[in-house]
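In order, the protein sequence lines correspond to chains A and B. For the first sequence, the positions run 1 to 120 when the numbering used here is used. For the second sequence, the positions run 1 to 120 when the numbering used here is used.
Put simply, identical chains are the same to the list, so a pair is met inside one copy or across any two.
Dumping the calculated SDA-like pairs for lysine to any residue here, alpha-carbon to alpha-carbon at most 25 Å: (1) Lys94 x Arg23; (2) Lys18 x Pro89; (3) Lys94 x Pro43; (4) Lys94 x Gly49; (5) Lys94 x Ile6; (6) Lys94 x Asp3; (7) Lys94 x Pro4; (8) Lys18 x Ser40; (9) Lys94 x Trp7; (10) Lys94 x His8; (11) Lys94 x Asp5; (12) Lys18 x Ala100; (13) Lys18 x Arg114.
Quick caveat, the hints were computed from the structure, so don't treat them as lab data.
There are 2 protein chains.
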Amino acid sequence: MNDPDIWHYDAQDFREVKPGMLRRVFNGNGMSLAFWRIDSSTPRTPYDGHPDNEQFGLIIAGQLDFRLGSDDRQLLGPGDVYYAPQNMPHGDSKFIGDPATGETWILDIFCPVREEYRRA
Amino acid sequence: MNDPDIWHYDAQDFREVKPGMLRRVFNGNGMSLAFWRIDSSTPRTPYDGHPDNEQFGLIIAGQLDFRLGSDDRQLLGPGDVYYAPQNMPHGDSKFIGDPATGETWILDIFCPVREEYRRA
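Working from the sequences, and respecting the hints, build out all of it.
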């Protein structure tokens with residue numbers, strides 16, 4: 001991707017990758033973004049890490065109840081940010097949707113590009 | 001930064017870097033995040049690029065009226081995403097704050113780390 005670009009929010013541009021989990025991916029040259037819209041009914045996610053990518057996450061709306069390299073659970077809400085280094089397990093996530101939409105919105109950011117996202 | 005970490009939203013953790021422009025920076029090993037809260041009264045920003053960093057931006061709240069590699073102005077709102085390759089000029093920005101806060105909230109994401117942000 002080498003041209004400037006703008007993507008307006010469009011609910012139709014999200015793809016359901018697991019039941020209740022909608023995702024829209026944006027890839028640069030050195031990083032990937034995953035914009036998640038996750039329904040409160042979604043089962044708990046796996047607790048694992050990814051060896052090749054460091055990750056930031058920003059909660060945009062709703063809440064995330066998860067674990068980050070620990071047995072302790074953390075409750076995050078809008079404006080909260082987390083960082084998972086390469087290989088650091090995270091997840092075991094529950095989602096408490098925003099009352100307006102029933103969804104939790106999260107922007108996950110990966111460096112370098114997540115290769116499996118090139119086909120997402 | 002090599003430990004997992006969580007930063008809860010705290011208005012006190014933002015620093016005013018220009019009049020009306022509050023910023024909170026997060027650095028990983030290969031990327032930087034700038035969480036902006038920008039008042040509608042902020043004068044137009046410069047129109048320029050940065051040679052070493054590609055950039056994504058996500059509008060979280062409020063609106064951004066700006067230019068991205070073009071004379072044409074673009075109006076972005078919540079959930080909209082933009083991409084500026086290295087060197088691509090962007091800015092000349094006006095900000096229309098969310099009615100609830102009077103602020104535009106934007107997450108800018110840079111790869112690699114913006115060196116000047118290491119001291120931010």
